[in-house]
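Number of protein chains: 2
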Amino acid sequence: MAKILITSGPTRQYLDPVRYLTNASSGRMGAALAQAALDLGHQVVVVSGPVGVTYPAAAEVIDVLTTQEMLEVAHREFQQCDGAIGAAAPCDYQPQQVETEKISKTGKPLQLNLVETPDVVATLGERKRSDQWVVGFALETQDRHFRAIVKLEKKHCDLMVSNGPEAIDSAENQVDLIDAEGQLLEQISGSKLDVARGILKVIDARLIR
Amino acid sequence: MAKILITSGPTRQYLDPVRYLTNASSGRMGAALAQAALDLGHQVVVVSGPVGVTYPAAAEVIDVLTTQEMLEVAHREFQQCDGAIGAAAPCDYQPQQVETEKISKTGKPLQLNLVETPDVVATLGERKRSDQWVVGFALETQDRHFRAIVKLEKKHCDLMVSNGPEAIDSAENQVDLIDAEGQLLEQISGSKLDVARGILKVIDARLIR
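In order, the protein sequences belong to chains W and S.
Residue numbers for the first sequence follow our numbering, beginning at 1 and rising by one.
Residue numbers for the second sequence follow our numbering, beginning at 1001 and rising by one.
Chain W extracted, bound-state conformation (with noise of 0.2 Å):
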């Protein structure tokens, strides 16, 4: 049996001591997965960012806010285990400039300058050692196969789960599993936790045996 490293939901990245950018994203994937990987006999680390799920009991859970902590934290446990999913979606801008005091109105437009933040998934696949395997998750609204394929080779993964942004705070998913090769390997829907089952049995199959 494997220890896996999960990471779900979104992360915050604050302007100011109260409005920050995020994604939408409620962390149920993340939640179906620990409880797909628990139902296999695996063992679960779950690094979250602020959600209002539930987390399966038997999994470890490690909250976050930000992306560059949800960053550090999930690549110190990635050292003691075999594999990581990344099903959070980390919030990729950051403002330039954090203000300590809450910006004021004024009346007028107000100028962002964003940068983007550190990539989760893509720092865990370049560091990974040789028995270690990293799954990814793209969300895109148009060209899905195509950039999923990009993102499966920029962020070095081992399988990459596309879904469309339907999948957005619902309870059920649609996915493309793509293999390293860039090869559609199988389609699942259902609920997401038909979807982390059908996710489960792939690396089940392919990364840990």
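Take these hints with a grain of salt, some might be off.
To list a few chain S residues with every Cβ distance to chain W over 10 Å, as calculated [stated by the list, open to error]:
#: 1; residue: ASN1023
#: 2; residue: GLU1060
#: 3; residue: ASP1092
#: 4; residue: LYS1128
#: 5; residue: ARG1129
#: 6; residue: ASP1131
#: 7; residue: GLU1153
#: 8; residue: GLN1174
#: 9; residue: GLN1183
Here are the in silico distance ranges between beta carbons for each label pair [said to hold, decoys possible]:
#: 10; chain 1: S; residue 1: GLU1099; chain 2: W; residue 2: GLU99; range: 40 to 50 Å
#: 11; chain 1: W; residue 1: ASP63; chain 2: S; residue 2: GLN1142; range: 26 to 36 Å
#: 12; chain 1: S; residue 1: VAL1115; chain 2: W; residue 2: GLN96; range: 11 to 21 Å
#: 13; chain 1: S; residue 1: ASP1039; chain 2: W; residue 2: GLN96; range: 46 to 56 Å
#: 14; chain 1: S; residue 1: GLN1079; chain 2: W; residue 2: GLN80; range: 57 to 67 Å
#: 15; chain 1: W; residue 1: GLU60; chain 2: S; residue 2: ARG1129; range: 49 to 59 Å
Because the hints were derived from the structure by calculation, they are not lab data.
Glycine included, every Cβ here is placed at the ideal spot set by N, Cα and C.
We have chain W already, so just place chain S on it with the hints.
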């Protein structure tokens, strides 16, 4: 007994189909106010952004997503109410342009032009009938009392609740109640339900009876 409109929780302003700007707000203060008002025998309508909290079953709850939606629903419901409490933290900036497809990362900074959203409480305050009242919330990180008074006047509120960033996502709160003349009426601290009961007591004594 009165019919009270309570706005609660955050709203979201999307940049594209997955990323959005929002305010840190759990909806707990709104839920506590709804409970306190119901306990005094009032009727309650909650207009709420996306939250994890559960509102009292006896309250009518209307879900909204954006600030514009909150404004429209709150304004419509307010017609049938005696007063409104603006406990929501509506997102007060929105992107000048909303992309229909997910913005792709390029490795370069992203400049975001934000404009102010309409002010929900100020709109209710401006349009209230002479027999209606509006209670606002001001969350400030500095010059709390001064800024709360400025907001009180600008938003035509009958009462202003001033609190600090410690209130966010917390089970506790500490507030100053300021009357329409800018005078500090009371300081209340404790659990959010204790604070809500204190606020409703003042509303009952000064605005309803």
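Tested hints:
1. ASN1023: violated (5 Å)
2. GLU1060: holds (22 Å)
3. ASP1092: Not fine: 6 Å to the nearest Cβ puts ASP1092 of chain S too close to chain W.
4. LYS1128: Given that every Cβ of chain W is farther than 10 Å from that of LYS1128 of chain S, nearest at about 22 Å, it holds.
5. ARG1129: holds (27 Å)
6. ASP1131: Label holds. Min Cβ-Cβ 30 Å, cutoff 10 Å.
7. GLU1153: The assertion about GLU1153 of chain S holds, with a minimum of 15 Å to chain W.
8. GLN1174: holds (16 Å)
9. GLN1183: holds (24 Å)
10. S:GLU1099 <-> W:GLU99: 40 to 50 Å: Violated, at about 25 Å.
11. W:ASP63 <-> S:GLN1142: 26 to 36 Å: This hint holds: roughly 29 Å between Cβ atoms.
12. S:VAL1115 <-> W:GLN96: 11 to 21 Å: About 20 Å separates the Cβ atoms of VAL1115 of chain S and GLN96 of chain W, which means 11 to 21 Å holds.
13. S:ASP1039 <-> W:GLN96: 46 to 56 Å: holds (47 Å)
14. S:GLN1079 <-> W:GLN80: 57 to 67 Å: At 60 Å between Cβs, range holds.
15. W:GLU60 <-> S:ARG1129: 49 to 59 Å: holds (56 Å)
Hint check: violations occur at hints 1, 3 and 10; the rest are consistent with the structure.
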